[in-house]
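Undergrad: Protein sequence lines, in the order shown, are assigned to chains D and L.
Counting with my numbering, you get residues 1 to 417 for the letters of the first sequence.
Counting with my numbering, you get residues 1 to 417 for the letters of the second sequence.
Quick caveat, the hints were computed from the structure, so don't treat them as lab data.
Don't take each hint at face value.
Covered stretches of chain D (chain L as the covering partner; in silico rule of three or more C-beta atoms under 8 Å from a C-beta of chain L) [claimed, not checked]:
hint, segment
1, 22-35
2, 293-304
Computed list of chain D residues with no C-beta within reach of chain L, every gap over 10 Å [stated by the list, open to error]:
hint, residue
3, 43
4, 110
5, 143
6, 174
7, 180
8, 201
9, 280
10, 288
11, 308
12, 315
Lysine to aspartate or glutamate pairs mimicking DMTMM-like chemistry, simulated, CA-CA at most 25 Å apart [what the hints assert, rightly or not]:
hint, chain 1, residue 1, chain 2, residue 2
13, D, 246, D, 363
14, L, 393, D, 322
15, L, 389, D, 99
16, D, 170, L, 11
17, L, 393, D, 258
18, L, 393, L, 363
19, D, 93, D, 12
20, L, 393, D, 363
21, D, 389, L, 99
22, L, 389, D, 103
23, L, 196, D, 168
24, D, 393, L, 99
25, L, 315, D, 349
26, L, 389, D, 157
27, L, 389, D, 12
28, L, 246, L, 257
29, D, 89, D, 103
30, L, 393, D, 201
31, L, 393, D, 99
32, D, 315, L, 99
33, L, 393, D, 111
34, L, 170, L, 207
35, D, 382, D, 363
36, D, 170, L, 12
37, L, 170, D, 12
38, D, 92, D, 111
39, L, 92, L, 117
Even for Gly, the Cβ is constructed at its ideal location relative to N, Cα and C.
Number of protein chains: 2
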Amino acid sequence: MIHASIVTIGDEILIGQVLDTNSQQLARALEETGVHVVRMVSIGDDGEEIAQTLLQELQRSQLVFCTGGLGPTKDDITKAVLARISGSKGYKKHEGQMEKVIEILHGRGLDVLPCNENQAMVPEKADVIVNQLGTAPIMVFRNMPGTLYSLPGVPHEAVGAIPAILDDVKAHQPLSQILHRNIMVYGLAESALSEKLAPWEDHLPADMHLAYLPNPLTGIRLRLSCYGTASGDEVQRMEAELSRLKALLGPLMYADEDSDLETALGRIARENGLTLSCAESCTGGMIAHMITSVPGSSGYFLGSVTSYAIAVKEKVLGVPGEVIEKNGVVSSEVAAAMAEGVRRLTGSDYAVSTTGLAGPSGDEFNPVGTVWIGVAGPRGSKTVKYVYKNDRKRNIERFAASALNFLRLFILEDLNR
Amino acid sequence: MIHASIVTIGDEILIGQVLDTNSQQLARALEETGVHVVRMVSIGDDGEEIAQTLLQELQRSQLVFCTGGLGPTKDDITKAVLARISGSKGYKKHEGQMEKVIEILHGRGLDVLPCNENQAMVPEKADVIVNQLGTAPIMVFRNMPGTLYSLPGVPHEAVGAIPAILDDVKAHQPLSQILHRNIMVYGLAESALSEKLAPWEDHLPADMHLAYLPNPLTGIRLRLSCYGTASGDEVQRMEAELSRLKALLGPLMYADEDSDLETALGRIARENGLTLSCAESCTGGMIAHMITSVPGSSGYFLGSVTSYAIAVKEKVLGVPGEVIEKNGVVSSEVAAAMAEGVRRLTGSDYAVSTTGLAGPSGDEFNPVGTVWIGVAGPRGSKTVKYVYKNDRKRNIERFAASALNFLRLFILEDLNR
Numbered sequence: 001m002i003h004a005s006i007v008t009i010g011d012e013i014l015i016g017q018v019l020d021t022n023s024q025q026l027a028r029a030l031e032e033t034g035v036h037v038v039r040m041v042s043i044g045d046d047g048e049e050i051a052q053t054l055l056q057e058l059q060r061s062q063l064v065f066c067t068g069g070l071g072p073t074k075d076d077i078t079k080a081v082l083a084r085i086s087g088s089k090g091y092k093k094h095e096g097q098m099e100k101v102i103e104i105l106h107g108r109g110l111d112v113l114p115c116n117e118n119q120a121m122v123p124e125k126a127d128v129i130v131n132q133l134g135t136a137p138i139m140v141f142r143n144m145p146g147t148l149y150s151l152p153g154v155p156h157e158a159v160g161a162i163p164a165i166l167d168d169v170k171a172h173q174p175l176s177q178i179l180h181r182n183i184m185v186y187g188l189a190e191s192a193l194s195e196k197l198a199p200w201e202d203h204l205p206a207d208m209h210l211a212y213l214p215n216p217l218t219g220i221r222l223r224l225s226c227y228g229t230a231s232g233d234e235v236q237r238m239e240a241e242l243s244r245l246k247a248l249l250g251p252l253m254y255a256d257e258d259s260d261l262e263t264a265l266g267r268i269a270r271e272n273g274l275t276l277s278c279a280e281s282c283t284g285g286m287i288a289h290m291i292t293s294v295p296g297s298s299g300y301f302l303g304s305v306t307s308y309a310i311a312v313k314e315k316v317l318g319v320p321g322e323v324i325e326k327n328g329v330v331s332s333e334v335a336a337a338m339a340e341g342v343r344r345l346t347g348s349d350y351a352v353s354t355t356g357l358a359g360p361s362g363d364e365f366n367p368v369g370t371v372w373i374g375v376a377g378p379r380g381s382k383t384v385k386y387v388y389k390n391d392r393k394r395n396i397e398r399f400a401a402s403a404l405n406f407l408r409l410f411i412l413e414d415l416n417r
Numbered sequence: 001m002i003h004a005s006i007v008t009i010g011d012e013i014l015i016g017q018v019l020d021t022n023s024q025q026l027a028r029a030l031e032e033t034g035v036h037v038v039r040m041v042s043i044g045d046d047g048e049e050i051a052q053t054l055l056q057e058l059q060r061s062q063l064v065f066c067t068g069g070l071g072p073t074k075d076d077i078t079k080a081v082l083a084r085i086s087g088s089k090g091y092k093k094h095e096g097q098m099e100k101v102i103e104i105l106h107g108r109g110l111d112v113l114p115c116n117e118n119q120a121m122v123p124e125k126a127d128v129i130v131n132q133l134g135t136a137p138i139m140v141f142r143n144m145p146g147t148l149y150s151l152p153g154v155p156h157e158a159v160g161a162i163p164a165i166l167d168d169v170k171a172h173q174p175l176s177q178i179l180h181r182n183i184m185v186y187g188l189a190e191s192a193l194s195e196k197l198a199p200w201e202d203h204l205p206a207d208m209h210l211a212y213l214p215n216p217l218t219g220i221r222l223r224l225s226c227y228g229t230a231s232g233d234e235v236q237r238m239e240a241e242l243s244r245l246k247a248l249l250g251p252l253m254y255a256d257e258d259s260d261l262e263t264a265l266g267r268i269a270r271e272n273g274l275t276l277s278c279a280e281s282c283t284g285g286m287i288a289h290m291i292t293s294v295p296g297s298s299g300y301f302l303g304s305v306t307s308y309a310i311a312v313k314e315k316v317l318g319v320p321g322e323v324i325e326k327n328g329v330v331s332s333e334v335a336a337a338m339a340e341g342v343r344r345l346t347g348s349d350y351a352v353s354t355t356g357l358a359g360p361s362g363d364e365f366n367p368v369g370t371v372w373i374g375v376a377g378p379r380g381s382k383t384v385k386y387v388y389k390n391d392r393k394r395n396i397e398r399f400a401a402s403a404l405n406f407l408r409l410f411i412l413e414d415l416n417r
């Protein structure tokens, strides 16, 4: 197994100003490629410390990835350290990166300054992978005890460079091929799901493994991996196991690739020519925000009403005052009336609604964390109640994700009739 | 200066499943206490690796904080390692933590199992800080080359333990007292702000320092720190500098403590008895989501309409069809009509609106990243246009934050008349 270390350079991480998301993204990609990350280290912008840490990690791991410390300003001393520890005698200009530097600066209406030209200079012993998204090149040093990759620190540049880096790793390392397939599941806790899948999981071939990767907003990502590549029939055997898994999951599965609920719901709407809307109380706009975070959502999402005030529920959504008075605001009846109301108002095919108590305080009838979710469509409406036990922020997230999933199931029921 | 290392234990971080937010929170708190974090390390659940890493960091730094590896399951071997490297002969039961274990499990309707009882057992040489939020105690080992703190890995428990840990650090370390004050600013880029403040900043007393801490959703946090404590008049001298800073900033400042735009806007609304609403197109619900993320927002936020479809803009918000036709959907006129429309619909004192193109594609009239923001109030309406150059997700965030700030300034103008 190939081992890797990730080294992050930058004072801004050590003082807690910036969260290190690069290491997570890189670690996840490496792990799925069959490279085992054994250590992550964050250090400051100190030349001696950078040199010592990189050399130490090159003793520990065959692959070392360092991110950060490559900007055009004087704080960034990483490149000089890389030249020194790689035994480079001098620098060379990389024409491909220089073209990119010019293209990017001109695109921003800026002149090319000497400090920008320096960015296309790399230590003599470096191979270069052109950074398509920024001015600092990605450098590879193969003449070390292991191989050292240097990435820019800007998150979208670092993450954007991952595919090219993985290609380089695969081309140079004796990696055993690993197959991965993802299945997205929503609606069961990890423990309940694992109990449900145990009989199947226990009979998985010895070269296959199932991982549970939970996330509050997207549910559980199930990742089936196949580590055996000798027989040549791995793809077929994976497909056979995936079919069994999908049959066991039924509608709990919302995507058979890495995805999220809003994308899955959007696909159902788009593929079936359906329009959506929502009426939110306790989720306060988060459902609409999630739905519209998907590019192209303007093709099927008509709009939403956040009715925080009771008067808005009555006047805009047309929820009858006596329904609120009789059942309380947090009730099945109000959830149903809100969904029906916004469906009528926007003319959408389907609608979803929420009314509940995200916190910090409950009311005389319901504890904090209670939510009623309503859905409405051409065949009528339906509601469900959940009680979560989290803080306000997390409750809002759980309410919104549950609402998207409830709407998804409601539409699928109609489509499968 | 006291140096610290933070060591995170857990395979879930190394495979990229979980983002390490604990280290950031802890680093920020330590830095503001005057402890300098020199290294963060993440390692797996391997006993030998844990022991070696902790001993190495104890050579490097006077304070070492390790998080994770303390759950009730067998994966968690950290406590045995801590016993070994601290030279503990055995374990002792901590009654205070045991009471907390019983209280927490009973609160969840669970019985106390032997593995839970074990959680209140600590190595003989450990001092204990009771974990008020979970079953695993916080342990302090003072008999090492430096001092080793062991925290649980569950984020809300780790973050919840920070104040008690800082108290312990302050009680045992010769820290020079540092004073910090935060000022929140929105509406200027870091470079422009730094130019504006340069004349004042250049004349700061030698023992004071200003840090710029930018964040896309909250703007720039300015942190003024005073490191001198000899003269005894630091608080007054800080106040004098803060007054000068505030005068320079004017309405660019939205809070004189660590805060965010939605909280600042909420405070203005609450203190002046004003109600708010919003009409969102390109922000798709995010403004409402931000406003309602503040506890107590139901006291001043009436509701919102997300009008993704033109028909919803016309029918629900009452934007005249000819205004859209004449000016285009992304226009000053439509932004104003949307804000006025939702203000009329909800009966709120003030309203804010957005119409723009978050991406991925622009239209024939406007590039991606264009937004018109409208505000409406008792004295009429006003609009502003911004063009940002980010991806869809980031554009939506910038649009929403800018809209909250524009509404804040609009209300302040009226209040200051």
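Undergrad: Evaluate each hint against the coordinates.
TA: So, going through the hints one by one against the coordinates:
1. Coverage of the segment 22-35 of chain D by chain L holds in this model, with 9 residues showing a Cβ closer than 8 Å to a Cβ of that chain against a need of three.
2. Check result for the segment 293-304 of chain D against chain L: holds, 8 residues qualifying (beta carbon to beta carbon below 8 Å, three or more required).
3. With a minimum CB-CB distance of about 6 Å to chain L, residue 43(D) fails to clear the 10 Å threshold, and the non-interface call is violated.
4. Listed as a non-interface residue, residue 110(D) keeps its Cβ farther than 10 Å from every Cβ of chain L; the least gap is roughly 13 Å.
5. Residue 143(D), annotated as away from the interface, keeps every beta carbon of chain L farther than 10 Å; the closest lies near 27 Å.
6. The beta carbon of residue 174(D) sits about 21 Å from the closest Cβ of chain L, which is more than 10 Å, so the claim that it is off the interface holds.
7. For residue 180(D), the non-interface assignment is confirmed: its Cβ lies about 12 Å from the closest Cβ of chain L, beyond the 10 Å cut-off.
8. Distance to chain L confirms residue 201(D) as a non-interface residue, since its nearest Cβ pair spans about 19 Å, more than 10 Å.
9. Look at residue 280(D): its CB is around 8 Å from the nearest CB on chain L, not clear of 10 Å, so calling it non-interface is violated.
10. With a minimum CB-CB distance of about 3 Å to chain L, residue 288(D) fails to clear the 10 Å threshold, and the non-interface call is violated.
11. Listed as a non-interface residue, residue 308(D) fails to keep its Cβ farther than 10 Å from every Cβ of chain L; the least gap is roughly 5 Å.
12. Listed as outside the interface, residue 315(D) is inconsistent with that label: its C-beta sits roughly 8 Å from the nearest C-beta of chain L, within the 10 Å cut-off.
13. A hinted pair counts as satisfied when its Cα atoms are at most 25 Å apart, and residue 246(D) with residue 363(D) does not qualify at roughly 41 Å.
14. With a C-alpha separation of about 41 Å, the suggested pair residue 393(L) and residue 322(D) falls outside the 25 Å cut-off, and the hint is violated.
15. Among the hinted pairs, residue 389(L) with residue 99(D) is consistent with the structure: their alpha-carbon atoms are about 21 Å apart, no more than 25 Å.
16. Taking the CA atoms of residue 170(D) and residue 11(L), the gap is about 23 Å. The hint holds against a cut of 25 Å.
17. Annotation: proposed proximity of residue 393(L) to residue 258(D) holds, straight-line Cα distance about 18 Å (limit 25 Å).
18. At most 25 Å may separate the alpha-carbon atoms for a hinted pair to count; residue 393(L) and residue 363(L) meet this at roughly 18 Å.
19. Between residue 93(D) and residue 12(D) the alpha-carbon distance is near 29 Å, which puts this suggested pair outside the 25 Å criterion.
20. The suggested pairing of residue 393(L) with residue 363(D) is violated, with an alpha-carbon distance near 35 Å, which exceeds 25 Å.
21. A hinted pair counts as satisfied when its Cα atoms are at most 25 Å apart, and residue 389(D) with residue 99(L) qualifies at roughly 22 Å.
22. Distance restraint check for residue 389(L) and residue 103(D): the Cα-Cα separation of roughly 16 Å lies within the 25 Å cut-off, and the hinted pair is therefore satisfied.
23. Restraint check for residue 196(L) and residue 168(D): the C-alpha separation of about 46 Å exceeds 25 Å, so the hint is violated.
24. For the hint pairing residue 393(D) with residue 99(L), the CA-to-CA distance comes to about 29 Å; that exceeds 25 Å, so the pair is violated.
25. Restraint check for residue 315(L) and residue 349(D): satisfied, since their Cα atoms lie roughly 17 Å apart, inside the 25 Å limit.
26. Among the hinted pairs, residue 389(L) with residue 157(D) is consistent with the structure: their alpha-carbon atoms are about 15 Å apart, no more than 25 Å.
27. Annotation: proposed proximity of residue 389(L) to residue 12(D) holds, straight-line Cα distance about 24 Å (limit 25 Å).
28. In summary, the hint linking residue 246(L) to residue 257(L) is supported, as the alpha carbons are separated by about 12 Å, within the 25 Å threshold.
29. For the given pair, residue 89(D) sits about 29 Å from residue 103(D) by alpha-carbon distance, which is inconsistent with the 25 Å threshold.
30. Annotation: proposed proximity of residue 393(L) to residue 201(D) is violated, straight-line Cα distance about 37 Å (limit 25 Å).
31. Annotation: proposed proximity of residue 393(L) to residue 99(D) is violated, straight-line Cα distance about 28 Å (limit 25 Å).
32. Restraint check for residue 315(D) and residue 99(L): not satisfied, since their Cα atoms lie roughly 52 Å apart, outside the 25 Å limit.
33. As the CA atoms of residue 393(L) and residue 111(D) are separated by approximately 29 Å, the hinted pair breaks the 25 Å bound.
34. With a C-alpha separation of about 21 Å, the suggested pairing of residue 170(L) with residue 207(L) holds against the 25 Å cut-off.
35. Between the alpha carbons of residue 382(D) and residue 363(D) the distance comes to roughly 24 Å, so the proposed pair stays at or under 25 Å and holds.
36. Pair hint residue 170(D) plus residue 12(L) holds up; C-alpha atoms about 24 Å apart against a cutoff of 25 Å.
37. The suggested pairing of residue 170(L) with residue 12(D) holds, with an alpha-carbon distance near 24 Å, which does not exceed 25 Å.
38. A C-alpha spacing of about 22 Å is found between residue 92(D) and residue 111(D), which places the hinted pair at or below 25 Å, so the restraint holds.
39. With a C-alpha separation of about 12 Å, the suggested pairing of residue 92(L) with residue 117(L) holds against the 25 Å cut-off.
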